[in-house]
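Sequences and hints are given; from them, build the entire structure.
Chains as they are written, first to last, in my numbering: chain A, 1 to 287; chain B, 1 to 257.
You may find that some hints are simply not true.
Said to hold, decoys possible - Straight-line alpha carbon distances no greater than 16 Å define the calculated EDC-like cross-link-like pairs of lysine to aspartate or glutamate that follow: (1) A:K185 x A:D34; (2) A:K237 x B:E185; (3) A:K229 x B:E185.
What the hints assert, rightly or not - From the structure, some residues in chain A lie toward chain B, with a derived Cβ separation under 10 Å: (4) V79; (5) V90; (6) T91; (7) P230; (8) Y239.
Said to hold, decoys possible - Pair by pair, the computed Cβ-Cβ distance ranges are: (9) A:V43 x B:G241: 34 to 44 Å; (10) A:A37 x B:S3: 50 to 60 Å; (11) A:A276 x B:C216: 47 to 57 Å; (12) A:W33 x B:Y244: 29 to 39 Å; (13) B:S47 x A:A37: 49 to 59 Å; (14) A:A19 x B:V39: 50 to 60 Å; (15) A:L23 x B:C104: 46 to 56 Å; (16) A:P265 x B:C104: 43 to 53 Å; (17) B:C216 x A:S27: 30 to 40 Å; (18) A:M165 x B:W240: 25 to 35 Å; (19) B:C216 x A:G60: 14 to 24 Å.
It is worth saying that the hints were derived from the structure and are not from the lab.
All C-beta atoms, glycine included, are put in the ideal place defined by N, C-alpha and C.
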Amino acid sequence: MRKTWGMTEGSVVCCVLVAVGMLLQVSAGPVRWDAMAYPANIVVLAVLLLSILSMHLLRGKVRLFRWMATLQAGIPAMVACAMLTVLMGVTRQVPSGHQPTEPIGITAMLSFWPFVLSYLWLTLLVGMVCMTRLVQPSWRNIPFLLNHLGLFIALVAGTLGNADMQQLFMTTQEGKTEWRAVDAKHHVHELPIAIELHDFYIEPRSFTSDVTVYTKSGITVRDTIRVNKPLSVRGWKIYQYSYDETRGNESDISVFELVRDPWLPYVYLGILMMLAGAVTLFIKNKW
Amino acid sequence: MVSWNDLWLFALPALACWTIAALLSLRSGRQAIVYLLTVCGLLIFGSYIALMWHSLERPPLRTMGETRLWYSFFLPLVGLITYGRWRYRWVLLFSTLLSAVFICINIMKPEIHSKEMMPALQSPWFAPHVIIYMFAYATTGAAMLLSLWQLSRRDKDLAGIDNLTRVGLAFLTIGMLFGALWAKEAWGTYWSWDPKETWAAATWLCYLIYVHWRRCRPASLRPALLWQILCFICLQMCWWGINYLPSAQGLSAHTYQ
Numbered sequence: 001m002r003k004t005w006g007m008t009e010g011s012v013v014c015c016v017l018v019a020v021g022m023l024l025q026v027s028a029g030p031v032r033w034d035a036m037a038y039p040a041n042i043v044v045l046a047v048l049l050l051s052i053l054s055m056h057l058l059r060g061k062v063r064l065f066r067w068m069a070t071l072q073a074g075i076p077a078m079v080a081c082a083m084l085t086v087l088m089g090v091t092r093q094v095p096s097g098h099q100p101t102e103p104i105g106i107t108a109m110l111s112f113w114p115f116v117l118s119y120l121w122l123t124l125l126v127g128m129v130c131m132t133r134l135v136q137p138s139w140r141n142i143p144f145l146l147n148h149l150g151l152f153i154a155l156v157a158g159t160l161g162n163a164d165m166q167q168l169f170m171t172t173q174e175g176k177t178e179w180r181a182v183d184a185k186h187h188v189h190e191l192p193i194a195i196e197l198h199d200f201y202i203e204p205r206s207f208t209s210d211v212t213v214y215t216k217s218g219i220t221v222r223d224t225i226r227v228n229k230p231l232s233v234r235g236w237k238i239y240q241y242s243y244d245e246t247r248g249n250e251s252d253i254s255v256f257e258l259v260r261d262p263w264l265p266y267v268y269l270g271i272l273m274m275l276a277g278a279v280t281l282f283i284k285n286k287w
Numbered sequence: 001m002v003s004w005n006d007l008w009l010f011a012l013p014a015l016a017c018w019t020i021a022a023l024l025s026l027r028s029g030r031q032a033i034v035y036l037l038t039v040c041g042l043l044i045f046g047s048y049i050a051l052m053w054h055s056l057e058r059p060p061l062r063t064m065g066e067t068r069l070w071y072s073f074f075l076p077l078v079g080l081i082t083y084g085r086w087r088y089r090w091v092l093l094f095s096t097l098l099s100a101v102f103i104c105i106n107i108m109k110p111e112i113h114s115k116e117m118m119p120a121l122q123s124p125w126f127a128p129h130v131i132i133y134m135f136a137y138a139t140t141g142a143a144m145l146l147s148l149w150q151l152s153r154r155d156k157d158l159a160g161i162d163n164l165t166r167v168g169l170a171f172l173t174i175g176m177l178f179g180a181l182w183a184k185e186a187w188g189t190y191w192s193w194d195p196k197e198t199w200a201a202a203t204w205l206c207y208l209i210y211v212h213w214r215r216c217r218p219a220s221l222r223p224a225l226l227w228q229i230l231c232f233i234c235l236q237m238c239w240w241g242i243n244y245l246p247s248a249q250g251l252s253a254h255t256y257q
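Next comes the structure, spelled out in structure tokens:
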């Protein structure tokens with residue numbers, strides 16, 4: 001009898017996860033990511049962080065938790081994720097939000113339970129290994145934490161924040177103020193911000209709208225919005241999207257794309273940490 | 001105004017420099033001239049890329065042929081860095097040979113394209129994203145060649161492969177994250193799992209597995225070397241394989257014409 005768990009156990013766990021995922025897929029259907037919108041994602045985040053913390057604190061007592069922060073657990077998890085990702089790469093995927101076109105569910109891989117559970121397991125392991133480094137602060141741990149904690153933050157914030165992202169389209173007319181916008185499914189939303197279009201004009205390489213943006217809290221912003229030059233107001237990013245193409249420069253209509261992504265700063269934080277971590281890979285001689 | 005027709009004018013002198021340098025590097029004691037000739041070749045080939053950039057009025061990165069140009073450029077560069085750092089005598093010959101293959105493909109089958117670049121690609125992120133990826137492909141390609149060589153040897157030494165993989169992985173990570181930042185800015189999502197991105201994720205995971213495996217089982221060499229080959233196959237899928245993959249047809253924003 002071996003005293004510690006190794007890669008065999010890691011592979012067994014992954015196989016069990018895939019099997020459980022298949023059962024869930026058959027019984028409950030594909031993963032419903034739209035149910036992950038606020039406040040569900042906050043609850044999931046709290047549960048995830050608290051379980052990582054408690055498993056970390058119990059690592060002295062429970063062998064499984066100790067093992068979760070090892071390479072022997074991590075490598076099979078990465079292999080499982082890589083295999084499912086390759087499977088995704090060789091199957092034709094349906095557009096997001098659509099039902100899979102075959103009975104198993106691999107054509108909607110992002111909602112395929114074994115895929116989601118494998119990545120969740122990997123994320124959990126990355127979180128566990130970050131804990132072991134976080135509790136022993138040292139300069140030598142910084143490259144490790146940049147790479148691993150950065151990935152953890154980017155992955156968790158990107159996934160949990162996805163359902164909170166709002167992408168709406170607002171059609172404005174010169175001289176009028178608009179606060180309603182439609183989503184991709186043509187549902188009308190009333191927004192906490194309003195846009196007054198003063199003027200729309202076409203320059204040689206860009207379309208420009210001269211606008212004033214009003215918010216409920218009383219802030220007004222007067223600025224121009226052009227292609228690739230969005231305006232940020234109270235968490236909303238306003239992009240120049242379209243205009244009345246039949247009238248060109250004479251168009252008195254301007255269409256804006258409004259994007260709200262409250263988890264964006266955290267995803268950026270994770271990405272920046274990973275970028276810094278990648279740079280440390282050049283500098284470090286030994287890993 | 002240079003065009004694809006002028007490629008051989010630059011490619012032949014560059015290849016000549018690289019070949020002579022490679023042959024000289026096989027024998028010890030002529031360091032300075034090896035470096036000088038390789039850099040000379042790089043300058044000649046680099047000036048062709050720069051002139052193409054100028055006459056196309058956009059970075060030459062849009063078509064398969066254009067990315068091959070960068071690959072032909074970066075291979076001898078990575079070869080020289082590897083040679084300078086770890087003194088593998090044969091590495092320059094290998095990189096020159098591979099570079100020559102890509103140049104020949106480009107001379108015989110140039111994929112010529114119009115001057116215009118689609119609006120989404122007119123972004124300051126575009127050039128760094130693709131150039132960093134090309135450098136990563138060249139570095140990991142060199143790691144794969146080293147792996148093939150080491151597989152045939154009895155006394156295996158993976159130090160060079162580890163180093164190249166680490167550098168290659170760093171470039172893959174930076175290229176991937178630049179792509180994510182660019183996508184967020186241009187399309188509103190960091191990662192949309194289009195076929196190219198899916199294969200990029202798979203490739204990235206494969207190289208991560210190699211790196212972690214080397215730490216976990218440093219004495220288990222053969223599986224590590226075989227895994228390198230798998231990583232490289234994944235990378236080729238990501239680079240050009242998806243253009244031929246039925247599951248990816250018409251779905252990727254990344255397919256080169």
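Cross-check of the supplied hints:
1. Between K185 (chain A) and D34 (chain A), the direct Cα distance comes to roughly 14 Å. Compliance with the 16 Å bound is thereby established for this hinted pair.
2. At most 16 Å may separate the alpha-carbon atoms for a hinted pair to count; K237 (chain A) and E185 (chain B) meet this at roughly 10 Å.
3. Restraint check: the Cα-Cα separation between K229 (chain A) and E185 (chain B) comes to about 10 Å, which is no more than 16 Å; the hinted pair holds.
4. The interface hint given for V79 (chain A) is met, as the beta carbon of that residue sits about 6 Å from the closest beta carbon of chain B, less than 10 Å.
5. Hint status for V90 (chain A) relative to chain B: holds, with the closest Cβ pair at about 6 Å, below 10 Å.
6. Because the closest C-beta pair between T91 (chain A) and chain B is about 5 Å apart, less than 10 Å, the hint holds.
7. Hint status for P230 (chain A) relative to chain B: holds, with the closest Cβ pair at about 9 Å, below 10 Å.
8. Annotation: Y239 (chain A) was flagged as interfacial toward chain B, and the flag holds, the nearest CB pair being 8 Å apart, inside 10 Å.
9. Remark: the range hint 34 to 44 Å for V43 (chain A) to G241 (chain B) is upheld by a beta-carbon distance near 41 Å.
10. The hinted window of 50 to 60 Å between A37 (chain A) and S3 (chain B) holds, with their beta carbons roughly 53 Å apart.
11. Taken as a hint, the range 47 to 57 Å is violated for the pair A276 (chain A) and C216 (chain B), whose Cβ atoms sit roughly 25 Å apart.
12. Separation of W33 (chain A) from Y244 (chain B) is about 31 Å and conforms to the stated range, judged on CB atoms against 29 to 39 Å.
13. Hint check: S47 (chain B) to A37 (chain A), Cβ distance near 54 Å, so the stated range 49 to 59 Å holds.
14. For A19 (chain A) and V39 (chain B), the hinted distance range of 50 to 60 Å is satisfied, since their beta carbons lie about 57 Å from each other.
15. The hinted range of 46 to 56 Å is satisfied by L23 (chain A) and C104 (chain B), whose Cβ atoms lie roughly 54 Å apart.
16. The hinted window of 43 to 53 Å between P265 (chain A) and C104 (chain B) holds, with their beta carbons roughly 49 Å apart.
17. The hinted window of 30 to 40 Å between C216 (chain B) and S27 (chain A) holds, with their beta carbons roughly 36 Å apart.
18. A hinted range of 25 to 35 Å for the beta carbons of M165 (chain A) and W240 (chain B) is consistent with their spacing of about 32 Å.
19. Hint check: C216 (chain B) to G60 (chain A), Cβ distance near 23 Å, so the stated range 14 to 24 Å holds.
When held up to the earlier numbered hints, the structure conflicts with hint 11 and nothing else.
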